[in-house]
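S.K.: Please build the complex by placing chain B on the supplied structure of chain A, with the hints as guidance.
2 protein chains.
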Amino acid sequence: MGLKILNKQNVAETKFLNLVVTTYEDKKGKQKEWVSAERPGDQKAVVIVAIVPGGNLWIPSNPRLVVIKEFRVPLQGYEIGLPAGLIDPGHNIKETAVKELKEETGLDVVKFIRPPTPFVFNSPGITSEAISFAFVEAKGDISGEHLENSEDITTFLYTKEQIKTLLEAAADPGQHLMIGAKSWLIFEEFAAYGTI
Amino acid sequence: MGLKILNKQNVAETKFLNLVVTTYEDKKGKQKEWVSAERPGDQKAVVIVAIVPGGNLWIPSNPRLVVIKEFRVPLQGYEIGLPAGLIDPGHNIKETAVKELKEETGLDVVKFIRPPTPFVFNSPGITSEAISFAFVEAKGDISGEHLENSEDITTFLYTKEQIKTLLEAAADPGQHLMIGAKSWLIFEEFAAYGTI
Chain A
1 MGLKILNKQN VAETKFLNLV VTTYEDKKGK QKEWVSAERP GDQKAVVIVA IVPGGNLWIP
61 SNPRLVVIKE FRVPLQGYEI GLPAGLIDPG HNIKETAVKE LKEETGLDVV KFIRPPTPFV
121 FNSPGITSEA ISFAFVEAKG DISGEHLENS EDITTFLYTK EQIKTLLEAA ADPGQHLMIG
181 AKSWLIFEEF AAYGTI
Chain B
1001 MGLKILNKQN VAETKFLNLV VTTYEDKKGK QKEWVSAERP GDQKAVVIVA IVPGGNLWIP
1061 SNPRLVVIKE FRVPLQGYEI GLPAGLIDPG HNIKETAVKE LKEETGLDVV KFIRPPTPFV
1121 FNSPGITSEA ISFAFVEAKG DISGEHLENS EDITTFLYTK EQIKTLLEAA ADPGQHLMIG
1181 AKSWLIFEEF AAYGTI
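Residue numbers (the numbering used here), protein chains in the order written: chain A, 1 to 196; chain B, 1001 to 1196.
Extracted from the complex, chain A is given alone in its bound form (with noise of 0.2 Å):
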């Protein structure tokens, strides 16, 4: 009664991203195509929600979300959204966090509020690209010090407010802001409650 998967095939292969045609079998037995892309090796990755709690040198009052501006080359222009990186072969989704967290923005995790989620898939009409989500506490500095010469950063630490007024500026086509699916949510979920 359900679909088949009869073969899967690179029609298409680059350093960074393979085009995949998978054949399978529809629910009357027909014979189709699905065209997918993949990460060679099936590369998973960390989506950090981070946030600066109020009450310390830092932020003295309201906690803050870390928020970042990132050009994004598929887009040709920047996305408003969360930190997140590739997980390299031989690391772990914790380390990955600690780690992208501080190249993009400069700032320190100080705790994993919850375990990681599992791996949850990001547009699987699209790919098998999986990510994690990662709820951390951070401190620090701000700094683009750490940044790869490919990329091009802004950190901003909102509070709830600021959020709110964010999602209503990307409510105006007129403003062309560009934000983040998942992104998105969290933003909403933050404007509304103020936690993560």
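There may be inaccurate statements among the hints.
Restricting the straight-line Cα-Cα distance to at most 20 Å, the calculated cross-link-like pairs of lysine to any residue (SDA-like) are [to be verified]: (1) K1030/B x K4/A; (2) K28/A x E1103/B; (3) K1032/B x G85/A; (4) K1164/B x Y193/A; (5) K1028/B x G144/A; (6) K164/A x Y1193/B; (7) K8/A x P1173/B; (8) K28/A x E1151/B; (9) K4/A x L1075/B; (10) K1160/B x I1196/B; (11) K8/A x E1013/B; (12) K1028/B x E103/A; (13) K1069/B x F119/A; (14) K32/A x I1196/B; (15) K69/A x E1025/B; (16) K4/A x G1144/B; (17) K44/A x K1044/B; (18) K1027/B x S150/A; (19) K27/A x K1069/B; (20) K1032/B x K32/A; (21) K160/A x K1044/B; (22) K1044/B x Q76/A; (23) K27/A x E1103/B.
Hints are computed from structural coordinates only; laboratory data are not their basis.
The structure displayed is predicted, hence computed values, not measured ones.
M.R.: Relative to the frame of chain A, chain B by itself:
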């Protein structure tokens, strides 16, 4: 100081997805390449966050979230997630949400709880694919009669407690559950607050 796009070229083309190489200049003026996957015509999609309220003929007590289990060819298995669909040329977000919810689950949209979100970006490192979240109230009977032959979808109406159980099950690698990344965040919020 920033990155500069120089050129964009399809290196492989299929009916559903193209592989694109974008040449850009990094911060030091060095020429580099970024590979992404793009739908021809940049077709966008809508993700439907649907709730069936309690206190009526269908659901006597607590509100339920509409969850689907869908065979995803790129995953070679079932994803647990939310109804979604591509926006056909000439159609808008709301029309597509109504049509896709009906096709995938049999349910009818009663009303839009709030305006659909602006288009946000699923996985900007891999693709410029953009989606809008439509938050709706739904009613009716679950049915698979509107499914296409290439769609293998089962619909569930889950309470907050059932979503909690689902998230706990997914955290156990032995269960091999595959959950959508955006769905995960919606599930976490529904499990915590019982709302969308």
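S.K.: Indicate, hint by hint, whether the structure satisfies it.
M.R.: Taking the hints in turn, this is what the structure says about them:
1. K1030/B x K4/A: The given pair, whose Cα atoms are some 46 Å apart, is violated under the 20 Å limit.
2. K28/A x E1103/B: Holds, at about 18 Å.
3. K1032/B x G85/A: Roughly 19 Å between the alpha carbons, so the hint for K1032/B and G85/A holds.
4. K1164/B x Y193/A: 19 Å, holds
5. K1028/B x G144/A: 15 Å, holds
6. K164/A x Y1193/B: Given that 20 Å is the threshold and the Cα spacing comes to 19 Å, the pair holds.
7. K8/A x P1173/B: Violated: K8/A and P1173/B sit about 25 Å apart, past 20 Å.
8. K28/A x E1151/B: 11 Å, holds
9. K4/A x L1075/B: 12 Å, holds
10. K1160/B x I1196/B: 11 Å, holds
11. K8/A x E1013/B: Judged against 20 Å, a Cα distance of about 17 Å means the pair holds.
12. K1028/B x E103/A: 18 Å, holds
13. K1069/B x F119/A: Holds, at roughly 17 Å.
14. K32/A x I1196/B: 36 Å, violated
15. K69/A x E1025/B: Between K69/A and E1025/B the Cα gap is close to 18 Å, so the pair holds against 20 Å.
16. K4/A x G1144/B: At roughly 19 Å apart (the allowed maximum being 20 Å), G1144/B and K4/A satisfy the hint.
17. K44/A x K1044/B: Not OK: K44/A and K1044/B at ~24 Å, beyond 20 Å, violated.
18. K1027/B x S150/A: At roughly 6 Å apart (the allowed maximum being 20 Å), S150/A and K1027/B satisfy the hint.
19. K27/A x K1069/B: 16 Å, holds
20. K1032/B x K32/A: Not OK: K1032/B and K32/A at ~36 Å, beyond 20 Å, violated.
21. K160/A x K1044/B: 29 Å, violated
22. K1044/B x Q76/A: 17 Å, holds
23. K27/A x E1103/B: Status holds; Cα separation ~16 Å.
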